[in-house]
Structure formats: C-alpha cells, structure tokens
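**Q** Generate the whole structure from the sequences, applying the supplied hints.
Number of protein chains: 2
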Amino acid sequence: MIPDAPSSGYTVWFTGLSGAGKTTVSRLVAAELARSGVHVEVLDGDVVRTHLSKGLGFSKEDRDTNIERIGWVASRLARAGTAVVVAAISPYEASRRRARELTEAFAPFLEVHVRASVEECARRDPKGLYARALAGELADFTGVSAPYEEPLTPELMLDTELDEPEASAGRVIKMLGARGLFR
Amino acid sequence: MIPDAPSSGYTVWFTGLSGAGKTTVSRLVAAELARSGVHVEVLDGDVVRTHLSKGLGFSKEDRDTNIERIGWVASRLARAGTAVVVAAISPYEASRRRARELTEAFAPFLEVHVRASVEECARRDPKGLYARALAGELADFTGVSAPYEEPLTPELMLDTELDEPEASAGRVIKMLGARGLFR
Numbered sequence: 008m009i010p011d012a013p014s015s016g017y018t019v020w021f022t023g024l025s026g027a028g029k030t031t032v033s034r035l036v037a038a039e040l041a042r043s044g045v046h047v048e049v050l051d052g053d054v055v056r057t058h059l060s061k062g063l064g065f066s067k068e069d070r071d072t073n074i075e076r077i078g079w080v081a082s083r084l085a086r087a088g089t090a091v092v093v094a095a096i097s098p099y100e101a102s103r104r105r106a107r108e109l110t111e112a113f114a115p116f117l118e119v120h121v122r123a124s125v126e127e128c129a130r131r132d133p134k135g136l137y138a139r140a141l142a143g144e145l146a147d148f149t150g151v152s153a154p155y156e157e158p159l160t161p162e163l164m165l166d167t168e169l170d171e172p173e174a175s176a177g178r179v180i181k182m183l184g185a186r187g188l189f190r
Numbered sequence: 008m009i010p011d012a013p014s015s016g017y018t019v020w021f022t023g024l025s026g027a028g029k030t031t032v033s034r035l036v037a038a039e040l041a042r043s044g045v046h047v048e049v050l051d052g053d054v055v056r057t058h059l060s061k062g063l064g065f066s067k068e069d070r071d072t073n074i075e076r077i078g079w080v081a082s083r084l085a086r087a088g089t090a091v092v093v094a095a096i097s098p099y100e101a102s103r104r105r106a107r108e109l110t111e112a113f114a115p116f117l118e119v120h121v122r123a124s125v126e127e128c129a130r131r132d133p134k135g136l137y138a139r140a141l142a143g144e145l146a147d148f149t150g151v152s153a154p155y156e157e158p159l160t161p162e163l164m165l166d167t168e169l170d171e172p173e174a175s176a177g178r179v180i181k182m183l184g185a186r187g188l189f190r
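Taken in order, these protein sequences are the chains called A and B. Plus 7 on top of the position in the first sequence (first one is 1) and you've got my numbering. Plus 7 on top of the position in the second sequence (first one is 1) and you've got my numbering.
Take every hint as true, because none was put in to throw you off.
Repeated chains share a single entry, so a pair holds when one copy, or any two copies, can fit it.
Simulated pairs of lysine to any residue, SDA-like, Cα-Cα distance not exceeding 20 Å: (1) Lys61 / Ala101; (2) Lys61 / Thr72; (3) Lys61 / Asp71.
Quick caveat, the hints were computed from the structure, so don't treat them as lab data.
**A** Below is the structure:
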C-alpha cells in the first residue's frame with residue numbers, strides 16, 4: 008500500500024556520553040546538510056523527550072522505550088526521504104541495534120560514536136549533572152551511576168577530545184560522501 | 008537550520024468513534040494516494056500505540072498525550088513531504104486543535120470527521136468493545152462512558168451510515184483534489 012520510498016533518506020545516529028558533544032556536532036552536520044538543500048530533521052534526545060516521552064525517566068526500561076520511539080520515528084522519516092540526525096545518549100547496544108533495524112528496513116543507518124572520556128565530560132559538565140552524579144545525587148546517570156555500552160561496530164568514531172566540533176562534523180560529512188549519501 | 012520543506016506534504020486526520028470506519032476509509036484513501044505515486048504514511052491509533060505510547064491508558068490525560076505524540080510525528084512527516092494519514096478516535100477538540108497547529112506550521116491539515124451514531128457503531132462492534140462498555144465493564148470508552156467532542160469545523164464530514172467505505176474514500180480524494188493536494 009505504501010509506495011517505494013524516496014531514495015535519499017537515511018539516519019545518522021549520534022551516541023555518546025552526556026557532554027561528549029553529540030548535540031554540538033549533530034547541529035553542525037545538520038546545518039551543512041541543510042545548506043546543500045537536503046531536507047533534515049534533528050531528533051535530539053533532550054528535545055524529543057518533551058514530545059515523545061514525557062513522563063519517562065532514566066531507568067534502563069524507560070531509556071529503552073525512549074530510544075525505541077526515537078528509532079521508530081527516525082525510520083519513518085528516513086523512509087520519507089529525510090536525512091534524520093539523531094543525538095541521544097542511547098547507552099545500550101541492544102536499543103541501538105533495534106533502532107538500526109527499524110531504519111534499515113527502508114534506508115541506511117549510520118551509527119556515530121561521539122567519544123570523550125568520563126573525566127573529560129565531567130570537566131566540561133555543561134549542565135552541571137556530572138557534579139551531582141559524582142556527589143551521589145543522581146541515580147542512573149550514564150557513565151557514573153549507569154553503564155554506557157560502547158558501540159561495537161559504529162560506522163564512525165569521533166574523538167572530541169582530539170578534534171574540534173567543526174573537524175568532527177567534517178568527518179561525518181566526509182563519511183556520508185564516501186557512502187554516496189552526500190555530495 | 009532546516010531548509011524549506013518539500014511542498015507536497017500534508018496531514019489528513021480521521022477522527023470518530025470506535026467502529027465508525029476510520030481505519031477502513033483511511034486505508035482506502037492511503038491506497039489511492041499510493042497508487043498515484045504519493046509517499047504515504049499511515050498512523051493508525053491502535054498501531055501507533057505499540058510504537059509511541061506503550062503504557063498509556065485511556066484516561067483523558069493519557070489520550071491527550073497519545074494524540075500529542077501522533078500530532079507531533081505527523082507534523083514532522085508532513086514537513087518532510089509525506090502525505091500523512093492519521094486514524095485515531097481523538098475525542099477531544101483541544102487535542103485535535105493542537106495536532107492541527109503542529110502540522111499547520113509547515114503544511115496543510117485536513118480534519119475528516121468519520122461519523123456514525125453510537126447505536127450503529129455498537130451494532131457493528133468489530134472488536135466487541137461496545138458490548139463490554141455497555142455492560143459497564145469498560146471505563147473511559149468513547150461514546151459510552153467517555154465523551155466524544157464532535158469536530159466544530161472539520162474540513163470534511165463523512166457519513167458512514169449513508170455511504171459505503173469506497174464512496175467515503177472517494178469524497179476524501181475529491182476534497183484533496185479540490186484543495187490542490189491531489190490530481
């Protein structure tokens with residue numbers, strides 16, 4: 008009943024610790040894509056929570072539900088021909104794999120691990136959350152009081168301790184180009 | 008940061024009682040759109056609940072949350088150029104209005120009231136739910152133990168007691184044509 012999808016859609020999924028640089032890099036990538044006329048939709052974990060996942064917390068089950076929802080929406084948008092840019096901690100490998108499967112039924116899925124050490128993220132601490140987590144005030148805080156399962160086979164790994172955001176975004180664009188998804 | 012949307016997207020929002028014919032008519036419409044090469048996404052309330060709203064019940068608050076989510080996803084897909092076909096009881100005027108506002112920021116929104124009397128829907132009772140609701144076994148059942156606020160200014164009203172599903176679907180297609188959204 009649904010016709011073949013427009014062929015240009017895909018999902019770029021940024022995963023990593025809070026403070027690793029997912030939002031910053033993903034916005035630079037989205038801006039670059041948009042400048043070239045690509046239709047982009049950014050699904051940022053923090054933003055999406057207000058629309059899709061109000062009431063969910065940060066337990067493993069609630070995180071899995073949140074990622075399942077983002078993955079489902081991303082898959083629908085990618086099928087519609089959108090370049091979907093997701094930025095979400097998404098700490099569990101199984102959840103990311105399910106999100107991948109949902110998109111790959113229709114379109115490419117590129118997992119980008121935005122990597123910085125817990126120590127570095129705690130030093131940046133843009134939201135003051137590491138300080139609270141390290142003081143024992145936040146349960147279920149990824150990297151401190153909850154696990155982060157590193158991606159096993161990401162399409163790309165970014166090191167935001169080594170590279171500036173602009174250089175990291177450039178690597179993502181380069182990867183998309185190498186895969187025929189951007190020119 | 009996000010470029011102008013592809014201009015062809017819109018949301019057709021079917022609202023009405025359980026058993027009024029929303030799913031049947033919306034599928035016929037989606038099939039007709041798809042046959043003409045339009046990229047269609049169907050967001051059926053019952054189906055979407057498994058992806059977006061697991062855990063939500065049928066209280067007013069939970070229904071509002073469910074409709075808010077469907078409305079948000081529909082708006083994103085419409086912005087991406089998709090013909091979005093929503094079939095959801097969506098009994099509250101305020102929720103439907105919010106869904107409309109989300110889409111209309113980017114694309115047309117067409118509300119279609121799929122109308123049949125409670126008596127007729129109870130006679131059809133495809134899921135056996137009216138029998139249970141009328142026996143007092145189901146709280147919050149729209150039309151029996153919970154309200155259905157009729158649309159005040161729908162773009163189209165279908166009478167599924169008068170017309171067969173194919174004729175109702177034809178009226179929707181005709182309306183889309185008259186608005187320059189289908190040819």
